[in-house]
Amino acid sequence: MAFNFNWSPLIADTSRARDMLTTALNKSPKPPIIVDDIIVTELNLGSVPPELEILEIGDLAEDKFRGIFKMAYTGDAFLTLKTRVQANPLNTYLSTKPSFASPQPLAASSGLTIPLQITLSDFRLSGFVILVFCKTKGLTLVFRNDPLESLKVSSTFDSIPFVRDYLQKEIEGQLRVLFMDDLPAILHRLSLRLWSPEYTEMDDERVLNTNKDATVPIDPLASPAQDPVDAFGNPIDESELSSLSLDSPTETHASFSQKNLLRLATLKESQRTLSLFTPSLRDTVFRAWAGGIDRPESAAGTPQLTSSTLSRHHSSLATNSSAHSVSDNSDTGTSSSRPSFIGRSSSYHGLSGSRPRAHPPRQRKKRVVDLRKNKEDGTESVSTEASTPAPSVAGSFEPPSSIPEEKEGELTTPPRSPNKAVRFHSRQVSIDDLDTPKTEERQRHDRAESTNAAINASNALHNALLSDLESKMPLHRHARNAHSTSTLPLLRNYSLEKLSHAKPVPPYAESSSSSSGGILEQAWMMKMANEIARKVREEKMGEAGSDGFWLPSEDVDGPPPAYAA
Amino acid sequence: MLGFMDYVQQAFYEASHWNHDNSYGALTATAKALLDFETPPGLRLNLSSLSSPNFATSYTVGSVGVVDGSLSYLYSSLPLKTESKSSDIDLYHVIRGYRHAQDLRRPDEPWWWEIWHEGKRIDRRDTLLYGRLFLPRSSLEALYLRRISPTRQLKVSCVSDSSLVNGGTILALLQNDYGKYSTEYLYSTDSALFGFRGLYNFGLDPRKAAKLSTSSTAAENIAIEPTYGRFSAGAELYYGILNKSGGMSTGIRFTTLPQHTGFPYTMTLTVNPLMGNLSTSYAVKAGRSLALCSRFDFNVYSYESDLQMGLELWRRQQPTGTVDWAAKMIRADWKKPSLRADEDISGVLKARVDQNWNIGILWEGRIKELLFTLGASFDLRKRDKIVKGVGVELQYSS
Numbered sequence: 001m002a003f004n005f006n007w008s009p010l011i012a013d014t015s016r017a018r019d020m021l022t023t024a025l026n027k028s029p030k031p032p033i034i035v036d037d038i039i040v041t042e043l044n045l046g047s048v049p050p051e052l053e054i055l056e057i058g059d060l061a062e063d064k065f066r067g068i069f070k071m072a073y074t075g076d077a078f079l080t081l082k083t084r085v086q087a088n089p090l091n092t093y094l095s096t097k098p099s100f101a102s103p104q105p106l107a108a109s110s111g112l113t114i115p116l117q118i119t120l121s122d123f124r125l126s127g128f129v130i131l132v133f134c135k136t137k138g139l140t141l142v143f144r145n146d147p148l149e150s151l152k153v154s155s156t157f158d159s160i161p162f163v164r165d166y167l168q169k170e171i172e173g174q175l176r177v178l179f180m181d182d183l184p185a186i187l188h189r190l191s192l193r194l195w196s197p198e199y200t201e202m203d204d205e206r207v208l209n210t211n212k213d214a215t216v217p218i219d220p221l222a223s224p225a226q227d228p229v230d231a232f233g234n235p236i237d238e239s240e241l242s243s244l245s246l247d248s249p250t251e252t253h254a255s256f257s258q259k260n261l262l263r264l265a266t267l268k269e270s271q272r273t274l275s276l277f278t279p280s281l282r283d284t285v286f287r288a289w290a291g292g293i294d295r296p297e298s299a300a301g302t303p304q305l306t307s308s309t310l311s312r313h314h315s316s317l318a319t320n321s322s323a324h325s326v327s328d329n330s331d332t333g334t335s336s337s338r339p340s341f342i343g344r345s346s347s348y349h350g351l352s353g354s355r356p357r358a359h360p361p362r363q364r365k366k367r368v369v370d371l372r373k374n375k376e377d378g379t380e381s382v383s384t385e386a387s388t389p390a391p392s393v394a395g396s397f398e399p400p401s402s403i404p405e406e407k408e409g410e411l412t413t414p415p416r417s418p419n420k421a422v423r424f425h426s427r428q429v430s431i432d433d434l435d436t437p438k439t440e441e442r443q444r445h446d447r448a449e450s451t452n453a454a455i456n457a458s459n460a461l462h463n464a465l466l467s468d469l470e471s472k473m474p475l476h477r478h479a480r481n482a483h484s485t486s487t488l489p490l491l492r493n494y495s496l497e498k499l500s501h502a503k504p505v506p507p508y509a510e511s512s513s514s515s516s517g518g519i520l521e522q523a524w525m526m527k528m529a530n531e532i533a534r535k536v537r538e539e540k541m542g543e544a545g546s547d548g549f550w551l552p553s554e555d556v557d558g559p560p561p562a563y564a565a
Numbered sequence: 001m002l003g004f005m006d007y008v009q010q011a012f013y014e015a016s017h018w019n020h021d022n023s024y025g026a027l028t029a030t031a032k033a034l035l036d037f038e039t040p041p042g043l044r045l046n047l048s049s050l051s052s053p054n055f056a057t058s059y060t061v062g063s064v065g066v067v068d069g070s071l072s073y074l075y076s077s078l079p080l081k082t083e084s085k086s087s088d089i090d091l092y093h094v095i096r097g098y099r100h101a102q103d104l105r106r107p108d109e110p111w112w113w114e115i116w117h118e119g120k121r122i123d124r125r126d127t128l129l130y131g132r133l134f135l136p137r138s139s140l141e142a143l144y145l146r147r148i149s150p151t152r153q154l155k156v157s158c159v160s161d162s163s164l165v166n167g168g169t170i171l172a173l174l175q176n177d178y179g180k181y182s183t184e185y186l187y188s189t190d191s192a193l194f195g196f197r198g199l200y201n202f203g204l205d206p207r208k209a210a211k212l213s214t215s216s217t218a219a220e221n222i223a224i225e226p227t228y229g230r231f232s233a234g235a236e237l238y239y240g241i242l243n244k245s246g247g248m249s250t251g252i253r254f255t256t257l258p259q260h261t262g263f264p265y266t267m268t269l270t271v272n273p274l275m276g277n278l279s280t281s282y283a284v285k286a287g288r289s290l291a292l293c294s295r296f297d298f299n300v301y302s303y304e305s306d307l308q309m310g311l312e313l314w315r316r317q318q319p320t321g322t323v324d325w326a327a328k329m330i331r332a333d334w335k336k337p338s339l340r341a342d343e344d345i346s347g348v349l350k351a352r353v354d355q356n357w358n359i360g361i362l363w364e365g366r367i368k369e370l371l372f373t374l375g376a377s378f379d380l381r382k383r384d385k386i387v388k389g390v391g392v393e394l395q396y397s398s
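Going line by line, the protein sequences match chains Z and W.
For the first sequence, the UniProt record's numbering gives the first residue as 1, with consecutive numbering after it.
For the second sequence, the UniProt record's numbering gives the first residue as 1, with consecutive numbering after it.
Hints may be right or wrong, so weigh each one.
To be verified - Here are a few chain W residues that face chain Z, going by a calculated C-beta distance under 10 Å:
no. : residue
1   : L27
2   : H93
3   : R132
4   : L143
5   : V159
6   : S162
7   : L171
8   : S188
9   : D190
10  : M248
11  : T322
12  : W325
No lab work stands behind these hints, which were simulated from the structure alone.
Don't be surprised by glycine CBs; every beta carbon is placed ideally from N, CA and C.
Excised from the complex, chain Z in its bound form (with noise of 0.2 Å):
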């Protein structure tokens, strides 16, 4: 294994490092003995790159990096500062004071400023370097110890020798403190600049959209971080939900462009080397994005949800490339237009936790392995999604909130007991048809394995399918947003396969049932809900033309789970 790290570019342009360094020394609040701006003037890095040496690699990945060096430098760097110094000690020391209780001198603070060069040579640096880089955090240094060993300070004043050592030791001092604590945040920021040219401009696109909403909306895939909240069932309120289904419709203006597949193939491709270059990608939000929190929480713009939910497909499409039933994504990409796959990718990842994947209209069943989900059971559990007589229901189940719940986190970790409890709850409240969850699943495991080897090749008519019918409802969908969040994504999920059992009913009458209290209220949604759930079904049954053994229940309309309540 080997690692090519090439110094010359870094030593080529300076400027811009330059411009940060001065940003950030005149950043701080100065001493007052400092009248002037600190302007960086020379700033020139050597020829002589530091040696690294290898210690520990703890994370390797196309768009992650962690690991720890050993730094050694001797080279031949030099840095030039030029401020204006006050050189009368009394004016520092009253420019401090309340004037209250100051002498108030009548001429003895009078000040001198003198014109100071300061020249920074011959560096000597040691020590650990802890070096993490994430394609959106950019990168992050850290000294693990104080690296400087020893520095050359050479000034105007290099013939007072009692003002030269007081500047040596006082440059060392502060380089210490540049060491630690600015130079991370600089080589953050510059990395940030140079990797990652789109996170600037989502950010402005970012800060459009908090100006835009009153109320500031969250964002599910910001912040998957708070996704356990959402999985314990707390539910979310009503004006949170309609901002979120308001932003929904601004998925549809993505677009796909030829470029971008082109730079995803190269960094699938990427992946198989240990090469450190990963092309840089436009338009995509890493699954290290979404993790951020420094995020703003609104951000339901475009390009956002779009590339988030195209790299989480990527991501799956890494992890689970052991599993038969993955469907190649870049290839569905391809073959449908963005919007469908942007609302298709949503959908299913908001239909439950175990990451249901696509199921076209004609292939009604579809499922998903996942090795590492289900550790409770000691097995490889697949849970299979059943599908919904048509896409427009399965489309109405993706209301934003609900993406986070399938975040990475979830991925990787074993759902938490109380999450299993409520789950269970649940399910004797909704399904009381079934004797037990595991062997309903059980059994539709095995049916979903036959019908699997089918989905993929339907998934780009399906896309297509889905993209259209959600264009269509835009209030069933909504009322599948209030559904989705005072319910778990579990239930949701056996709500759904149970509504694939039985009669034709309306989703909206359990997010009614269970959200509302009033029995008048609770009539006259249901009426609604069965109207237009007839219009859905019709339409459906005209589009795919189906049987009836999938099309949604009626005995979903149970009461409301008590924790939702």
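Given chain Z, put chain W in place with the hints provided.
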């Protein structure tokens, strides 16, 4: 414009016969008043009261970004019989402008202060206590002022603020004023700073002059030449023990006395030999309501220089035409009973400009019962942000 509490402190100095101007620190008071005035930041309201001759309170509410304010209380053991209503306060007392140097006053004899009662001395030293609490930043200012003897005064000022090093600072200042010369010794807890200031007035010693006039005959008195001006020289010296650094300056001043027949003027020169700083100022009272001042700074080490110019213009109300004829008919020796020194003053305009085109303008005066200060500062070099700050300060006192 002086704040109400500063005004009360001035009244205390006056009542206790302390010449505040006879100090090295006040050597350039005229130039400072004309060139270094502060423009008020934002809106500031001041409500004050001298509720009894010994006790004063003042409340301030300001809005600089956030609403802040201060409460201050003052106690004086010496009854202060000064005008406290803002409608009656003499504007010349609260607005600092050109300072007319007065004849030096002979210090009180110590036995003048003695009060005996039944064979025991019962006189107490005059003391002033002052405290001010700033909210919401919770900063406290305190002042202790004591006239130890007719020629000596102790002033201790403290600031308590959590943002300061060690949580606060104390400054002790011991002042001696013998008329002919004055000395000050100071100590600040910040970096253990010691300081000394001294001022010497050339010319006749007021103590001897007083004795001379009492002992000599009238013929000898005529022989004494009246003095038209006063020449003073002073120096200051500081040394901080903790940071092992010091500072010093020397200065001279010539100012005309009221006996001077021409227009009054003041010239100062201060030199900081350590830092190579030279500062000269020239102020002239060009008319009854106009004063001009210029100051030139130069540093012999860094060749930096600065030039500042300022003026002070007192605006007087024109006598109304309807009573003009009546005013003319008044006998010359008839004194109007209610005429004050600032009867016809409606306000003062102060303006300054320096070589970097920093301009400050201040308009001070009285509307009805309120004293107001309206100020603005500009920077003509910055095209995008010419106005640096505008502020209004209103004071009401009773």
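Now the hints, each set against the structure:
| no. | hint | result |
| --- | --- | --- |
| 1 | L27 | holds, 6 Å |
| 2 | H93 | violated, 21 Å |
| 3 | R132 | holds, 8 Å |
| 4 | L143 | holds, 8 Å |
| 5 | V159 | holds, 4 Å |
| 6 | S162 | violated, 12 Å |
| 7 | L171 | holds, 4 Å |
| 8 | S188 | holds, 6 Å |
| 9 | D190 | holds, 6 Å |
| 10 | M248 | holds, 6 Å |
| 11 | T322 | violated, 49 Å |
| 12 | W325 | violated, 53 Å |
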